[in-house]
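Just so you know, the protein sequences line up as chains Y and R, in that order.
By the count of this note's numbering, the first sequence reaches residue 118 at its end, each step adding exactly one.
By the count of this note's numbering, the second sequence reaches residue 745 at its end, each step adding exactly one.
Note that these hints are calculated values from the structure, not bench results.
Glycine residues also receive a C-beta, built at the ideal position from the N, C-alpha and C atoms.
Check each hint, because a few of them may be wrong.
[Claimed, not checked] Derived Cβ-Cβ restraints for the label pairs, each shown as a range:
| no. | chain 1 | residue 1 | chain 2 | residue 2 | range |
| --- | --- | --- | --- | --- | --- |
| 1 | R | Ser-644 | Y | Arg-84 | 48 to 58 Å |
| 2 | Y | Gln-83 | R | Ser-700 | 42 to 52 Å |
| 3 | R | Thr-742 | Y | Ser-8 | 28 to 38 Å |
| 4 | R | Pro-709 | Y | Lys-74 | 31 to 41 Å |
| 5 | R | Ser-700 | Y | Ser-8 | 36 to 46 Å |
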Amino acid sequence: DTGVSQDPRHKITKRGQNVTFRCDPISEHNRLYWYRQTLGQGPEFLTYFQNEAQLEKSRLLSDRFSAERPKGSFSTLEIQRTEQGDSAMYLCASSDRDRGRTEAFFGQGTRLTVV
Amino acid sequence: AQSVTQPDIHITVSEGASLELRCNYSYGATPYLFWYVQSPGQGLQLLLKYFSGDTLVQGIKGFEAEFKRSQSSFNLRKPSVHWSDAAEYFCAVGARMGNAGKSTFGDGTTLTVKP
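In isolation and in its complexed conformation, chain Y is listed as follows:
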C-alpha cells in the first residue's frame, strides 16, 4: 500500500493559464475524491468518482474546473483560465466502497499559487 499520490506537490502559474493535477489513489480503491483547502479553512468537497463515473459535483466546481478518471484508476483535475482565487491546496482522497463503511485516505495535496 503506497498511499494516495499527488503530482505535482507545488504549482505556480500565471493568471489565465491552465493547470492540470494528477492523483493516483490506493490501488484497490474504487472511489476517488477531490477537495480544495484554502488557508485557515478545512477541506471543501469538490467532486467524487466511483470507478470512472463522476457521481457528484459540488457547486464550488465552476465551469473552469473539470475532473476525469478515464480508466477508473488515476484522476486528473484541470483548471482553465486560472484566477487568483483558485490559489489553494487541492487534496485527493480515495476509499474502497466494497469494504462498506470506511473513511477516505488523503494524499499530500497539490499547492497551487496563481500570480
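Given chain Y's structure and the hints, the job is docking chain R onto it.
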C-alpha cells in the same frame, strides 16, 4: 445540510498537559465522525473514526474521542500532549449511505505545544 463547528481556532497547551479539542456537528441522523491531523504543507492523516457502537473511540498516537449524541459533539482528547502533536486538527462528518469518504470538515483548531 450537515455542518461542523470547531469553536477553538487556536489552543496552546504545555507539553505533558492534557488536551481537549471541541467539535460540534449538525446532521439529520447518526453521523459518521472523524478527526484528522494535518502538519504544515501536508495532507490529512486520520486519527480516529466513529461509525457506530461504543461512543468512546480510541485512535492513533494516544488520542481518543467521545461521541455524545445529546450534545451533538465529538470532542478529541489526549491525556498528555507531546511536542510532536503540534499541528492542525480537523473534525469531519461523513455522508452515510456508504459514502463516508465524502465529508464536511470544520475549519480546524491549531494546536501549539509549549515546552
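Here's how the hints hold up against the structure:
In this structure the supplied range 48 to 58 Å holds for Ser-644/R paired with Arg-84/Y, their Cβ-Cβ distance being about 49 Å. Between Gln-83/Y and Ser-700/R the Cβ separation comes to about 48 Å, which falls inside the hinted range of 42 to 52 Å. Taking the beta carbon of each, Thr-742/R and Ser-8/Y are about 31 Å apart, inside 28 to 38 Å as hinted. The hinted window of 31 to 41 Å between Pro-709/R and Lys-74/Y is violated, with their beta carbons roughly 47 Å apart.
At about 42 Å, the beta-carbon gap between Ser-700/R and Ser-8/Y stays in the expected band of 36 to 46 Å.
Checked against the numbered hints above, the structure breaks only hint 4 and satisfies the rest.
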